[in-house]
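Make the full structure from the sequences, and use the hints.
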Amino acid sequence: MEQKLRIMVIDDENIVGKRLKPALEKGGDTVETFEDGRKALERFGEAPFDIVVTDIRMDGIDGLEVLEQVLARSSATKVIIITGYATVEVAREALAKGAFDFIAKPFKPADLRAVIEKAAARIRSGK
Amino acid sequence: MLDLLKRVAGKREARPLTRARLSFTRFRKLLENTRAALNLVEDGSEKLSGDYIFDNHYVAALADAVKEQAGRMVYDAVVLAPEGGQDLWEARDEFAAAIPKGPFSDPAGVREPEYAFLAEVVRWMSEGESSIPGIMAKIYDHVIPKLAPEEFLALAENAGRGGIALIDLWPKAAADPAKPAAPSPVRSRPLSLMLMEGGGGAAREALEASWLALTEPESLDLRGRGLPAGIVAAATLGGSMDTDFIFVFVPHGAVSADLFPPGFHRQKTGLGVMGWIYDAAHKDLEAALAHLGKRVLPT
Numbered sequence: 001m002e003q004k005l006r007i008m009v010i011d012d013e014n015i016v017g018k019r020l021k022p023a024l025e026k027g028g029d030t031v032e033t034f035e036d037g038r039k040a041l042e043r044f045g046e047a048p049f050d051i052v053v054t055d056i057r058m059d060g061i062d063g064l065e066v067l068e069q070v071l072a073r074s075s076a077t078k079v080i081i082i083t084g085y086a087t088v089e090v091a092r093e094a095l096a097k098g099a100f101d102f103i104a105k106p107f108k109p110a111d112l113r114a115v116i117e118k119a120a121a122r123i124r125s126g127k
Numbered sequence: 001m002l003d004l005l006k007r008v009a010g011k012r013e014a015r016p017l018t019r020a021r022l023s024f025t026r027f028r029k030l031l032e033n034t035r036a037a038l039n040l041v042e043d044g045s046e047k048l049s050g051d052y053i054f055d056n057h058y059v060a061a062l063a064d065a066v067k068e069q070a071g072r073m074v075y076d077a078v079v080l081a082p083e084g085g086q087d088l089w090e091a092r093d094e095f096a097a098a099i100p101k102g103p104f105s106d107p108a109g110v111r112e113p114e115y116a117f118l119a120e121v122v123r124w125m126s127e128g129e130s131s132i133p134g135i136m137a138k139i140y141d142h143v144i145p146k147l148a149p150e151e152f153l154a155l156a157e158n159a160g161r162g163g164i165a166l167i168d169l170w171p172k173a174a175a176d177p178a179k180p181a182a183p184s185p186v187r188s189r190p191l192s193l194m195l196m197e198g199g200g201g202a203a204r205e206a207l208e209a210s211w212l213a214l215t216e217p218e219s220l221d222l223r224g225r226g227l228p229a230g231i232v233a234a235a236t237l238g239g240s241m242d243t244d245f246i247f248v249f250v251p252h253g254a255v256s257a258d259l260f261p262p263g264f265h266r267q268k269t270g271l272g273v274m275g276w277i278y279d280a281a282h283k284d285l286e287a288a289l290a291h292l293g294k295r296v297l298p299t
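These protein sequence lines map, in sequence, to chains A and B.
Sequential numbering of the first sequence, starting at 1, is according to our numbering.
Sequential numbering of the second sequence, starting at 1, is according to our numbering.
Certain hints may be false.
One side only, chain B facing chain A, incomplete, derived with CB under 10 Å [as the list claims (entries may be wrong)]:
id, residue
1, D55
2, H57
3, Y115
Below, a list of computed lysine-lysine pairs in the DSSO-like style, where the Cα atoms sit at most 30 Å apart [to be verified]:
id, chain 1, residue 1, chain 2, residue 2
4, B, K268, B, K29
5, B, K294, B, K146
6, A, K108, B, K101
7, B, K101, A, K21
8, A, K108, B, K67
9, A, K18, B, K101
So these bits of chain B aren't anywhere near chain A, every CB distance computed over 10 Å [said to hold, decoys possible]:
id, residue
10, A14
11, A96
12, G134
Source of the hints: derived by calculation from the structure; they are not laboratory data.
All C-beta atoms, glycine included, are put in the ideal place defined by N, C-alpha and C.
Structure, rendered in structure tokens:
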């Protein structure tokens, strides 16, 4: 039986976490959602997550900073970036900094699930 | 310097073939921008289905993109037909001024604020006179009567079928602007499809019109002659779902029967009815062109 994943979702728009949490939990994974990057990083310091899904444009700590701090603390964690319309260039920058993949809003939960499954496969293979 | 001054002082009106090219290209640009605007409207409507995750940024960006696209359409229309263009700009300004500003909340508390905001934006861009279809109606009512096929007739050759004056704008065919290319097979794929079954349907008798066809290999701008408001069928058919588009404008009273093929969207305007199809399988677009040809072109 495959080990369940610990997934963190960070987006300052309430609707994203509210919709993603039940959709991702259907697969049996543990999902915690945050609207504030700083609180999310505090939580990550307490217990690392396998996968972090973060919006890139947020007040306070943005997605790029989340990416850098998460990878500095846990290089095995896969970070998936959520981007809006105008931030594709920034998403490319995020990939260059080590993000696993990115997904553009609007998206369907199934689209994100497919990216998460790719990340999970990479984690299990130890790469 | 003297050469430059001579060129500026000697600025002259473009040659007829150049004017035909400009008219063809700008009308195609208008159609491309129309297609892009319709795509945005459809994109927003699709996201209302409830299957998607989006935020207020998406909704605001969508509304801004639609507003910009409306401006591009009006710009193209005014380049094609400058006189009276002020009315179009005012219509666009009125549309832009009514743009919904979020955040919204659902009075019933059922939907999330983002969905309530998107519902408002979809209503703004798709319903009523001040909407994308409403602006389209004004634009095409403005442009179609001024496309003036007669202006370019001297450049035309016969397409090989009665009633169609053809100007092939493909560079090789029109290399010598003083001497239009010799009669040649129809090299425009959309026109070939229309001619395939051109059979003189009900529309032909009603129209009693001949046609001017401005063509490129993948594009057609077919302008009917002899009607006050004109009839136009335009198509781009390159095999890409991102760009393929068929647009038809039929003035009131021009035809007794509905000539639009299955799957066409329709929108009434002050002067007639416009119909269009895109985002369809290539074979469906080909069938639509054959259907149109059968209905409106001579044998």
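The hints, checked one at a time:
Interface hint at D55(B): satisfied, since its Cβ lies 4 Å from the closest Cβ of chain A, which is below the 10 Å cut-off. For H57(B), the suggested interface contact is upheld, since its CB lies about 5 Å from the closest CB of chain A, less than 10 Å. Checking Y115(B) against chain A by beta carbon gives a least distance of about 8 Å; that is within 10 Å, so the hint holds. Distance hint between K268(B) and K29(B) is fulfilled; the C-alpha atoms sit about 22 Å from each other, no more than 30 Å.
For the given pair, K294(B) sits about 26 Å from K146(B) by alpha-carbon distance, which is consistent with the 30 Å threshold. For the proposed pair K108(A) and K101(B), the alpha carbon gap of about 25 Å is at most 30 Å, so the pair holds. Between K101(B) and K21(A), the direct Cα distance comes to roughly 28 Å. Compliance with the 30 Å bound is thereby established for this hinted pair. For the given pair, K108(A) sits about 26 Å from K67(B) by alpha-carbon distance, which is consistent with the 30 Å threshold.
A C-alpha spacing of about 23 Å is found between K18(A) and K101(B), which places the hinted pair at or below 30 Å, so the restraint holds. With a cut of 10 Å on Cβ distances, A14(B) stays outside the contact zone with chain A, its closest approach being about 39 Å. Non-interface status of A96(B) relative to chain A is upheld: no Cβ of that chain comes within 10 Å, the nearest being about 19 Å off. Listed as outside the interface, G134(B) is consistent with that label: its C-beta sits roughly 25 Å from the nearest C-beta of chain A, beyond the 10 Å cut-off.
Figure legend: structure checked against the earlier numbered hints; every hint is met.
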